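Undergrad: The chain contents come next:
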Amino acid sequence: MNDRVPRLARDAAGVLSWIDARGTVHRGVHLVQAFPLTAPGEQVSVVSAEGAEIDAFERLDGLDPALRAAIDAALAEREFMPVIERVLSVSRHWVPSTLDIETDRGPTQLVLESEEAIRRIGPDKLLIRDSRGICFVVKSHSGLDRRSRKLLERFL
Amino acid sequence: MDTDAAAAPKVPAAVPHPGGAGSHRVELDLDLELRFVRSLLELAGDCLRWIGPGGEQREWRVTPGMRLGHEAHAGAGRLQLFDGGTCLATWRHTQDAFVAVQRLRDAFARVASGRSQAALHDEEASARCPICRTSIPAGQVDCPQCDAPEGTEAAAPSTWILLRLWRFARPYKRSLLLGFVLTLASTFATLVPPYLTMPLMDRVLIPTQRGEALDVGLATGYLGALLVAALVAWGLGYWRTYILALVAERIGADMRNITFSHLLNLSLEYFGGKRTGDLIARIGAETDRICVFLSLQLLDFATDLVMITMTAVILASIDPLLAVVTLAPLPFIVWLVYLVRDRLRFGFEQINRTWGEVTNVLADTIPGIRVVKAFAQESREVNRFAELNQKNLRMNDRVNRVWALFAPTVTLLTEIGLLVVWAFGIWQVAHDRVSIGVLTAFLAYIGRFFTRVDSMSRIVSFTQQAAAGAKRIFDVLDCVPTVPPPHQPLPLAPVEGRIALRDVTFQYGNHTVLRDINLEIAPGELVGLIGHSGSGKSTLANLICRFYDVSQGSISLDGRDVRTIDIAQYRKHIGVVLQEPFLFFGTIAENIAYGKPEATRADIIEAARAANAHDFILRLPFGYDSVVGERGQALSGGERQRISIARALLTNPRILILDEATSAVDSTTEKEIQKALDTLVQGRTTIAIAHRLSTLRKADRLVVLDKGEIVEVGTHDDLLARRGAYYRFCVNQSQQEGGGAMLLEVGA
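Protein chains in written order, with the working numbering: chain A, -13 to 142; chain B, 57 to 804.
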C-alpha cells in the first residue's frame, strides 16, 4: 500500500492503462479535460473504460515529468482540434459555404453549414464546427491576417 | 336572512376598522340574490347585529353552541350563522369584505368559546396587525402587509403619456438643450436663401431684364451668401441630427434596461398572467419605436414647428396682407389633425396588441415544437398565425383608410393655398402693390412652408404610434411588485434555517389556496409534503421561497418575518430543485455556476461530483465547456436534473426546496438523482414535495395537505399507525402498485 507516483502505460495494442498510486492497474482508460476550451491543461481526469472517473488532476504543472509527458501525449491523441491559421478563400459569403483554410495540421477545406456552427469563446477565440463534425479553433480572431479576418467576419 | 331587494338607501356610514376592543363591524356588499346591496354586520360584546339596507335590524345573542361558517367561491363569500345544526342566517359578500369577515368570524369564535374578547385583543395587538393579523416585525411600526404601496391609478390614456418619457430624457438634458439650440440655428440658416431671392430678383434679375448692365459684384455677393447659408445649414443640420440621434438611442437603451430590470423584479404572479410574446414585443419592438420617434420624428416635428413659426414671422414682416392669405389653410389642417388623431391612436393601439399576439404564437409554438409535431398540429399553428396576421392586416387597413385620405387632403389644402397665393400675388403685382421679388420670396417660402405643414401633419401618425407604445411600456413600469421589498431591510445574520409559518392563508385571485397553515420546521429537518394535486403543496413551497407573499399570517426565518428581509439576500439562502429543470443557453459550467458566477472551476467540478454529474459531463465532447441549448436537448431528463442539483449545491443554501425533483424520470434515473439529493439535503432544512415514498421515507416529518389545510403531521410510522389520510394514500398506492414498492402517486 505504499504510495507511488501513478503511471500511464501503453501496451502493444495501443491501449492505455493507468497504474494508480496503490498500484492497481486500470486497463483501457482515457484522459479527459474538463474544460478543453476555456482552460485546457487544467482539471484533467482519468476515466475508466466504463466512463467512471478514477483520478483527477487540478493542474498538470507540478506533475512528475514522465507522467506529464505521457498525459500530454494521451490528450493530444484524443483531442483533434485543428487551429485555423489562415482563411484563403470562401465559396460564398452566406451559408452553406466552403472555406479553404490553412491549419496547424495542414491545409484543408471546411464546410460551414450554419452561422450557429461558429461559437465564440471569450472575447477573441472562435470555435467552428464543420459539416463533418470536426471542430476548428481560431485562437485569436484579431490576430489573424487582414484578409482572413475580413472573410470570417462575414459569417459572425 | 333576507335583505330588501329594492334599490336600497345607503347604510349609515360603515366603519371599516374595528370600533375598538370588543367591537367588530363589517360592511357586507351583496344580498342573498348576489345583487350589490350594502348592509352592516356588527359584533358588539356578545351580540351579533345585522342592519339591513332599509335600516331594519336583527340581533342574536352569542351562545357557546353557535358558530360562524365562512367559505368563498368565485369571488363571492358566504357567511353563515349556525346554532348547533341549524342555520340561523346567511350573508353574502365580495372579496372586498373578505378579510374583515374573517376577522369577525374569529372574534365571534372567541366570544362563543367564552374567552374575553378584550383580553385577546390586547394580547394580539402587541405583535400583530389589527387589520390582517399579520405579525409586525420588531423595529417596524406599520404592518408590512397592509402598508404595502397600492398600485398607481391608471394613467390617462392619451398623447400626454409621451410627456412621461421625460423621466428617461432627464439625464440627457444638456445634450437635448444643445440639440434644440442647433435646431433653431439650422432652421434659421435654411430660411436665409428664400429671403435672398427677394433682392436677387428685384436688384439683379429685373434690372438686367430691363436692359441695365449686370452688376456682377452684387450677383456674386448674393450667390456667395446663398452658398454660405446652405453650407451653414448643412453643418448645423449634421451636428444637430447626430447629437439628437445619439441621445435618442441612449434614451431607448435606458428604457429597455429599466423596463427589463423592472420586469424581472416583478413577482411570479405577474408572469403567471402574462404571455411571453407580448412581453418580448413590449421590450423589443415598442422601445425601438419610441426611440425612432424621439430621434427622428419628434426632431422633425420640432424643426417643422420652428420653421413654420419663423416663416410666419418673416412673411408677416415682409407683407402682412400676403402673409394672412398664405397662412389661411393652416387652421383647416389643424382641425383635420384633431379629427384624425383619435381614430389613429385607437387603431395603432390595436395594431400593437395584435402584434403582441403574433409574437405570442411564435413564443408558444417554438418552445412547444415537440408537442406541435407529436400531435401533427403544424397546420393548425400555421393557421392560427395566419389568422392573427390577417387580423393585423385588417387593423392596418382600417388605419390606412383614414391615413390614406388624410395625407392627400393635407397636400390638396396646401396646393390650394399655393394657388391662392399665386392668384393674390399676381393681382397685387398687377396693381404694383408688391414687387416681383417679394412674390418670388413668398412663393419660395410657401413651398417650404407647406412641405413642412405636410410633414408635420404626418407626425400625428407617429405620435399616436409612440403614445400607444409608451402606454404599453408604462403598463409594465407602473406595475408594482406584489412581493414588495422591505422598507428598511435589516441585515441577515448567519442563517440557521428555522422556518415558522403562522396562520398562513394564501389567496390566488378569488380562490383560497392555503388556509390557516401553522408549521414549525427546525434547522436541518427534512419535511415531506404530501397531498393530492391542487392541495397547495407547491404553493406552500412558493410562499417559503417568497415567490408570492402570504395573504394573511406570516412566514419567518429564524424568528424574522421574511418580508423584512431583503429578497435577494433571502433567496441566496434558498436552493430550489424543480420538477422540470431549466438550463439556460450556455455551457454546462455556466449553468452550474448560475447562482454563484464567481465560483472557481474546482468548485464547479466539486459540486458536479457531489451531484453525481461529473462522470457524464466528462463524456460530453467538450466536458464542462459543452453548450446546452435553450431546452437542453442534448441531455436526458436525469442529466439535466443532476446539473440543476449541482447548481443548488454550489450555492450551499441553508434551506432547500425539492419540488417533485424526481417525478419526471424513470426509476433507474431516479436512483441516480436520489443519490445526488441525499448529498444535497445533508444538514439543510429541506422541504420536499415528492411522488415517491423513497424520498419521503427519510423525512423527519411528513405533512399531509388537503384542500389547502394541514390534515396530518407525523413520521411515516406514526401516520401509518394513525390510519388517516396518509394511510389511505399508502393503501391506494399499494393497490395500484400491486403491494410492491410503496409509491405515492400524487399529481403535480
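No lab work stands behind these hints, which were simulated from the structure alone.
Nothing here was measured: the structure is a model prediction, and the numbers come from that model.
One or more of the hints may lead you astray.
One-sided excerpt, in silico: chain B residues whose CB lies under 10 Å from chain A [as the list claims (entries may be wrong)]:
(1) R166
(2) L283
(3) T643
(4) R657
(5) I661
(6) I673
(7) L674
(8) P677
(9) F678
(10) G679
(11) A777
A short, non-exhaustive set of chain A residues, derived as facing chain B with CB atoms under 8 Å [stated by the list, open to error]:
(12) T24
(13) E28
(14) E44
(15) S100
Mimicking DSBU-like on lysine-lysine, the simulated pairs with C-alpha atoms at most 30 Å apart in a straight line are [unchecked claim]:
(16) A:K125 to B:K652
(17) A:K111 to B:K330
(18) A:K111 to A:K125
Positions of the beta carbon are idealized from the N, C-alpha and C atoms, including for glycine.
Undergrad: Hint by hint, note whether the structure agrees.
TA: Okay, the hints, checked on the actual structure:
{"no.": "1", "hint": "R166", "result": "violated, 64 Å"}
{"no.": "2", "hint": "L283", "result": "violated, 41 Å"}
{"no.": "3", "hint": "T643", "result": "holds, 8 Å"}
{"no.": "4", "hint": "R657", "result": "holds, 6 Å"}
{"no.": "5", "hint": "I661", "result": "holds, 6 Å"}
{"no.": "6", "hint": "I673", "result": "holds, 7 Å"}
{"no.": "7", "hint": "L674", "result": "holds, 5 Å"}
{"no.": "8", "hint": "P677", "result": "holds, 8 Å"}
{"no.": "9", "hint": "F678", "result": "holds, 6 Å"}
{"no.": "10", "hint": "G679", "result": "holds, 5 Å"}
{"no.": "11", "hint": "A777", "result": "violated, 43 Å"}
{"no.": "12", "hint": "T24", "result": "holds, 5 Å"}
{"no.": "13", "hint": "E28", "result": "holds, 7 Å"}
{"no.": "14", "hint": "E44", "result": "holds, 6 Å"}
{"no.": "15", "hint": "S100", "result": "violated, 14 Å"}
{"no.": "16", "hint": "A:K125 to B:K652", "result": "holds, 28 Å"}
{"no.": "17", "hint": "A:K111 to B:K330", "result": "violated, 39 Å"}
{"no.": "18", "hint": "A:K111 to A:K125", "result": "holds, 5 Å"}
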